[in-house]
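Student: Sequence:
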Amino acid sequence: FAIFDMDGTLVDSMGFWRRLGREYLASKGVTEHVDAVLERIKPMTMSESAALFIEVFGLAGTPASVAAEMNGVMEAHYRQDIPLKPGADEYLRRLKRAGVRMCVASATAAELMEACLTRLGVADCFAFLLSCEEVGCGKDRPDVYLEAARRLGAPPEEIAVYEDAGYALDTARRAGFYTVAVRDGGREGWEALAARAHEAVSDWNTAEL
6 FAIFDMDGTL
16 VDSMGFWRRL
26 GREYLASKGV
36 TEHVDAVLER
46 IKPMTMSESA
56 ALFIEVFGLA
66 GTPASVAAEM
76 NGVMEAHYRQ
86 DIPLKPGADE
96 YLRRLKRAGV
106 RMCVASATAA
116 ELMEACLTRL
126 GVADCFAFLL
136 SCEEVGCGKD
146 RPDVYLEAAR
156 RLGAPPEEIA
166 VYEDAGYALD
176 TARRAGFYTV
186 AVRDGGREGW
196 EALAARAHEA
206 VSDWNTAEL
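So for the sequence shown, the working numbering puts the first residue at 6; every next one is plus one.
Hints listed in this document are in silico derivations from the structure and should not be mistaken for laboratory results.
Please note that a few of the clues may not be correct.
To be verified - Below, in silico cross-link-like pairs of lysine-lysine (DSS-like), each with a Cα-Cα straight-line distance of 30 Å or less:
id, residue 1, residue 2
1, 90, 47
2, 90, 101
3, 47, 33
Using the sequences plus the hints, can you model the full thing?
Tutor: Set out below in structure tokens:
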């Protein structure tokens, strides 16, 4: 049994998220004096980022409406051009051929997961897609993993959780899952991230089952 994160684990979307603020501001004609503001929004939620953009750049709209527009920019990327990470397709096919029952558990909305993974031709590998939105909390709590385990019909110790974020690996490990760190170009060093999991995959092309 396996639970896969999507962003940064199966699909190469983190760069799109990192560029979102700049891309959105450029769509509104704002291209100057943005670097310092983009640095400030790194730890913020989408709504907080939207409120800051309105305050600093005088954008029209409310934090909710600007956040919705920013989400719309990302939605277009999920539907059109976010790619699979190299080798992920074949790795999933190998697991499927081996009879492993798999799902995706992601903070991304279920409909965007489905649109993205269907376009990339791997949606058929998964028994279901589960969004953190459905369980009402993020991966700092184990709810999404435990619900995925319930739907998979297996206890945590029989399920591998694949993640690229250290805090998510910690959450899954504390909940009794077997954890697999997946390399992405995030802020954490790879060695430190790999040390937090039972197993580590630096490249899907060379990953062992």
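Student: Would you mind marking each hint as holding or not holding in the structure?
Tutor: Now for the hints, and whether the structure bears them out:
{"no.": "1", "hint": "90 - 47", "verdict": "holds, 24 Å"}
{"no.": "2", "hint": "90 - 101", "verdict": "holds, 18 Å"}
{"no.": "3", "hint": "47 - 33", "verdict": "holds, 20 Å"}
Of the numbered hints stated above, none is contradicted by the structure.
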